[in-house]
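Turn these sequences into a full structure, and let the hints guide you.
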Amino acid sequence: MIAFLWKGIMRDRSRSLFPILIVTTGVMLTVFIHAYIHGAITMLIQTTAHFNTGHVRVMTKAYAKEADQIPNDLALLGTDTLLSSLRKQFPELAWTPRIRFGGLLDVPDDRGETRAQSPVFGFAADMLNGNSPEWNVLNIKNSVVRGAAPSKRGDILIADDLAAKLHVAPGETVTLIVSTMNGSMSVKNFTVSGTVRFGISAMDRGTIIADLADIQSAMDMENGSGEILGFFRDDVYHAEQANDMSIMFNAQHEHSASEFAPVMGTLRTQSGMADYLDLIDAYSGIIIGIFVVAMSIVLWNTGLTGSLRRYGEIGVRIAIGEEKGHVYRSMLVESVFTGFIGSAFGTLLGLAIAYYVQEHGINIGDMMKNSSILMSNVIRARITPFTFVIGFLPGLLATLLGTAVSGIGIFKRETAQLFKELET
Amino acid sequence: METSDSIIIQTEKLEKIYPLGPAEIKALDNVTLSIAKGEFLGLVGPSGSGKTTLLNIIGSLDAPSSGSAAVLGRRIELLTHKESSRLRNEHIGFIFQTFNLLPVYTVYENVEFPLLLQGIPSAQRRTMVMQALEWVGLAERASSKPAQLSGGQSQRVAIARAIVKRPEIVLADEPTANLDAANSHNIMKTMVDLNKELKTTFIFATHDEKVISYLNRKITLFDGRIEKDEITGTAR
Ligand SMILES: Nc1ncnc2c1ncn2[C@@H]1O[C@H](COP(=O)(O)OP(=O)(O)OP(=O)(O)O)[C@@H](O)[C@H]1O
Ligand SMILES: [Mg+2]
Chain Z
118 MIAFLWKGIM RDRSRSLFPI LIVTTGVMLT VFIHAYIHGA ITMLIQTTAH FNTGHVRVMT
178 KAYAKEADQI PNDLALLGTD TLLSSLRKQF PELAWTPRIR FGGLLDVPDD RGETRAQSPV
238 FGFAADMLNG NSPEWNVLNI KNSVVRGAAP SKRGDILIAD DLAAKLHVAP GETVTLIVST
298 MNGSMSVKNF TVSGTVRFGI SAMDRGTIIA DLADIQSAMD MENGSGEILG FFRDDVYHAE
358 QANDMSIMFN AQHEHSASEF APVMGTLRTQ SGMADYLDLI DAYSGIIIGI FVVAMSIVLW
418 NTGLTGSLRR YGEIGVRIAI GEEKGHVYRS MLVESVFTGF IGSAFGTLLG LAIAYYVQEH
478 GINIGDMMKN SSILMSNVIR ARITPFTFVI GFLPGLLATL LGTAVSGIGI FKRETAQLFK
538 ELET
Chain B
28 METSDSIIIQ TEKLEKIYPL GPAEIKALDN VTLSIAKGEF LGLVGPSGSG KTTLLNIIGS
88 LDAPSSGSAA VLGRRIELLT HKESSRLRNE HIGFIFQTFN LLPVYTVYEN VEFPLLLQGI
148 PSAQRRTMVM QALEWVGLAE RASSKPAQLS GGQSQRVAIA RAIVKRPEIV LADEPTANLD
208 AANSHNIMKT MVDLNKELKT TFIFATHDEK VISYLNRKIT LFDGRIEKDE ITGTAR
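Chains as they are written, first to last, in the working numbering: chain Z, 118 to 541; chain B, 28 to 263.
Think of the hints as simulated: they come from the structure by calculation, not from any bench.
Bear in mind the structure is a predicted one, so any value in this text is a computation, not a measurement.
Since no wrong hints were added, every one of them can be taken at face value.
Partial list, computed: chain Z residues near chain B (C-beta under 7 Å):
| hint | residue |
| --- | --- |
| 1 | Met118 |
| 2 | Phe121 |
| 3 | Gly125 |
| 4 | Ala436 |
Backbone N, C-alpha and C define an ideal beta-carbon position, used for all residues, glycine too.
Have a look at this one:
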């Protein structure tokens, strides 16, 4: 009997090949979309962490209040002590001080006159220490387009697009004009060691990266820094752990009434990221939800039409003496078979495409040209354990349920009625 | 008619009512009838007179609204799904106007299907299927698909499928409606032979004069009632 049903499935393409193809397609798309959206969110979080908030960030209370404006006059002082205590208390994170600043970059000609000039946004990072987390966080080595990463005091990296605009090449001298922590103006010469491209439109337009010590001296911030960033070593944001840490840290400094006492913020709680992340979560949930629901409906419908089309065959089988229950069970088994194969294939294909996009990414640079969002131009999919089931389970269940529901018609109808439908 | 101890179908005041909006249709009305083993019987009458309805109740595909029908000692109106499928599987063969062969299966597999349901071992199945195909003269087409057969051949396969399990009763609803005259005579002769050889009881629902000419008993229905019940005796 099983062999008989098996022959039926294999010979009737509308019972095997087509449902399998439909399930495969739906599952494949769901799997891929899920991985892609997940990848985009992960990247957005990563970029925000790397270039803005860290996974956690320590600042003065005053700085924290208007952190988006980067008020360096309210920067942390005594960074070294704080840094070593953070490293001791939370060794599971990599800690690094950073100053972000705005300034003017001036390119002099042979006679020292201004040849070109541009406002810039700067990162002052601990780069001369080979163990600095910044090498990974800012991904400096891989971002260098021309020249080399800074190797000594006075070296500076500038965005490749900016270098092109200002016509500066590695090895040339540029002048940085910034205001000091106390509000006076400071001028300092740097050597361009190389140019960088981050693949983030908002940054490639006008970013420079200088050594922390150089900027500390230029801005009169000896042993000071705007912020100390903490990064989980796996570079993944662990929301709960970050939250626990910040509560613990802030409790230790609560008693201090000083505006300059340190305070720790998490990625989630800073610069409106909480709302943003919730929104993204909601949207991606909705998109994936719609996809899963749409796919389920299509598969359901496939199951339905598949069994309706077979009322005739089913009528004959029942007339010949097959039990209704047996017919129904054989339809369910069949749908599990097609649903399973289709879902398995779909998941495999979806994973394969997702894997490709995880490795190679899809460039949305044109879309991001004028964007100020810190978001990489190349979006990569990201495969998680969830990717393996997001398509598979709905694919299998929708096929099974579609058949189960449509098959109920067999029981509801009088056998004689099945017959009339078959005769017409 | 035969003596009462060979009666295999007995209906008592059968009624079948279909609701039709506020009114209702009496498809069968007070049908009392006995059929003996080995009869070659036809239900005739105009369209809508209740032939198919009666055939379906005898075949336990449908239940009466009231009255009773006993088939091979089983009360149709009391049977569960399971019991009625068992009755059909073991004792009743069906032949349809539209053949209703399963298109994805070969001729051989179509005829084999009822035996698979009975769990008959494969060697025995093979003997039974080939014998049934020989009765209908299609042994050499065993591996054809239904789509490769003519209408007459298809109906002969359907006959083989109905009789392969040697049922006591074969029910045939307009078996010749889709066939030309030559093919109609051909399959009727096949069925007459089977009726003689195996003592299978055949019950037809038909308007076809060709079919009627082979019957040995003709029951005329009109508006769900038995109007006439005649012995014709042609076939024997
Ligand atoms: N499922 C149903 N619902 C409502 N009425 C029905 C149903 N099936 C049959 N009828 C009615 O019952 C009556 C008898 O129908 P039946 O099919 O038994 O006629 P028939 O003698 O086989 O006719 P034909 O020669 O056209 O096949 C008809 O009036 C028909 O309209
Ligand atoms: Mg009819």
